[in-house]
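Chain order of the listed sequences is A and B.
The opening position of the first sequence corresponds to residue 1 in our numbering, with each subsequent residue numbered one higher.
The opening position of the second sequence corresponds to residue 1 in our numbering, with each subsequent residue numbered one higher.
Rather than coming from a laboratory, the hints here were simulated on the basis of the structure.
Note that beta-carbon positions come from the ideal geometry of N, C-alpha and C, so glycine has one too.
Don't take each hint at face value.
Partner residues are not named here, just some residues of chain B that face chain A (Cβ under 8 Å, in silico) [what the hints assert, rightly or not]:
| hint | residue |
| --- | --- |
| 1 | 81 |
| 2 | 83 |
| 3 | 109 |
| 4 | 129 |
| 5 | 133 |
| 6 | 134 |
| 7 | 163 |
| 8 | 199 |
| 9 | 218 |
| 10 | 261 |
| 11 | 275 |
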Amino acid sequence: MSSDNILELHGLKKHFKVNGAFGRGKTVVKAVDGIDLVVGRGETVGLVGESGCGKTTVGRTVMKIYEPTEGKIIFDGVDITDLKRRDMKAYRSKMQMIFQDPFSSLNPRHTVGTIIEAAYIIHKTEPVGGRSKAIQELLERVGLNPEHVNRFPHEFSGGQRQRIGIARALALTPKLIVADEPVSALDVSIQAQVVNLLDDLQKELGLSYLFVAHDLSVVQHISDRVVVMYLGKIMEIATTTELFANPRHPYTKALLSAVPIPDPIIERQRERIILTGDLPSPANPPAGCVFSTRCWKVQDRCVSEAPIPVQISPNHTLACHFPEPAGQA
Amino acid sequence: MSKFLEVKNLSVSFPTEDGLVKASNDVSYSVDRGETLAIVGESGSGKSVSNLAIMGLHNAAIAQISGSAWLNLPDGPVDVISAPAEQVRRLRGKVMSMIFQDPMSSLHPYYSVGNQIAEAWSLYNDGSKRDGMARAAEMLDLVGIPSAKDRVKDFPHQFSGGMRQRVMIAMALVNNPSLLIADEPTTALDVTVQSQILKLIQEIQKEFNMAVILITHDLGVVAEVADRVCVMYGGKIVENAGIDEIFYKSQHPYTIGLLDSIPRVDKLGSHRLKAIPGQPPSLIGLPTGCAFAPRCEFVSEVAGSQCTTQDPELAEKTSDHFARCFLQPEQISTLTGRKASAK
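Isolated chain A, as found in the complex (with noise of 0.2 Å):
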């Protein structure tokens, strides 16, 4: 166990079983199926994917929000997978999370320094020179007017509320901040500060960040590495300039070739991969390689073999039975 590492997942599953109709036919679906996952420490780790490829639950497994269902969540050398509630609170304060949603992740009935305060109190702390001291310090880090302490979030915009959902995360002075497509519900040009703030502040504190989302121009801009993931597994690991550069996995390279470049001439030059069909139900994978009914080359033994991460390079993870040949773009 390397203390080089913030987090380590190791054959992580979280499997939700859900009941049909009239408590008929249940069913277990698989959101996330066994994944093993590595962010450094001061490292950005990018968790890519479609709608329902379980990323967001990965997310909410790390902090344990969900329990997981197998396997081990090993966080700054300590093996938190099977702590209880109480046990935990000493390792939450490391670890917090930005939501999606900075009009819901709000209590609209609470002051923004009521909000933030709401982290000293449940940890029992007392930051180095008082708590209002801390709360103003942290307004005018994230780019807020600390003057606004006594305002509510409704007054604030969408970017601002987002500010303050970082402020909170902050608080604790943590050391993993897992964000949850922090920047998708913002207007594109409000999108370009909050990611430079998160630049930011990770120069600043040294923080890591485990950022999930589905854009991948955004993704691309903030991760060192980026994982993809499908139905609940990871298809692909790889440093960002490697993946993007480089994609060997049929998937990843299908997602980079559906991302729309703002840029008329390339869109005119450039051949698409586009993919028939949709997602599969997670309630239901398809055997062998989840991957395989929407796979342009897709061969016997992938419908009848799922492929197993190998690493095929020291920055580069890959589970394909048949993968791109490397050196194309």
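Following the hints, put chain B in place on chain A, whose structure we already have.
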């Protein structure tokens, strides 16, 4: 030469307790058959409002609408803004159709999709229920829903998000409209499904020679499908030009800032994003002067404090390229370090 749809000086305002919201302010644009016009803007920029007015979907008792929107139909032009509601109703779904962002809330959950498509068809066609269902199956097949004949009887919840959007498109197109207004048609969808839907819209546009208005905030989508672009800010069009002009010879600081602020998958490296400071304006009681002035990095380049006292006109900067800014093309290219427009 007049285009199929010509919108002239269209304004839509809503009185509220806090004051008059000028959601769409003196907006003009046009689109011809076979052409795709993209209307780009952030939330609250007024990009949907003028199109809802064209479709006649505003509450006439609340919205204050002025200006005109001419549809050049074979039997003479019609101004859908001043035409009686009954006449607009007969054009809606037949000559002009609209698809929305969220296909789930636009479909009726209690009726089968075939039923809903057949209803749209039967409004303008004589025929039995059976003919309608057959036509619905044809349309579902056209939009690429597998085993369409069986699926006409399915209900909206039995379809995925992308498939539901295909159903919406099938319904919008069942009477072969000449104008399709697509309001953020792919925003709720995953990228792989988004590219399927955009391709479908393009194919159908070609097949039926439709005029398409695409309302979106995603400049990537614009680059993929548009022929012409209107950029909106604070309820007004700030730039209106052909696609390449907008992306490579942009004449408005807002468009330039927007293009600079978005990360791109094809540009590696963790350079710092160039964000536009501040926030989009509220549409209530807009200050005098240019709505973008408080966020504009070039304000000081304009003589006097013209930007904050006077709203620039939407002027033709270069051939067929309109922008609402006091800066001239030469100044813009010096400031942004770009090559001067060749035209």
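Evaluation of the provided hints:
1. 81: Violated - the Cβ of residue 81 (chain B) stays beyond 8 Å from chain A, reaching only about 29 Å at its closest.
2. 83: Check failed: Cβ of residue 83 (chain B) comes no nearer than 35 Å to chain A, outside 8 Å.
3. 109: Since the shortest Cβ distance to chain A is 16 Å, the answer is violated.
4. 129: With a closest approach of 30 Å, the residue 129 (chain B) hint is violated.
5. 133: Violated - the Cβ of residue 133 (chain B) stays beyond 8 Å from chain A, reaching only about 24 Å at its closest.
6. 134: 25 Å, violated
7. 163: Hint on residue 163 (chain B): holds, closest Cβ of chain A at ~7 Å, below 8 Å.
8. 199: Holds, about 6 Å.
9. 218: 7 Å, holds
10. 261: 4 Å, holds
11. 275: 4 Å, holds
Hint compliance for this structure: hints 1, 2, 3, 4, 5, 6 are not met, and every other hint is.
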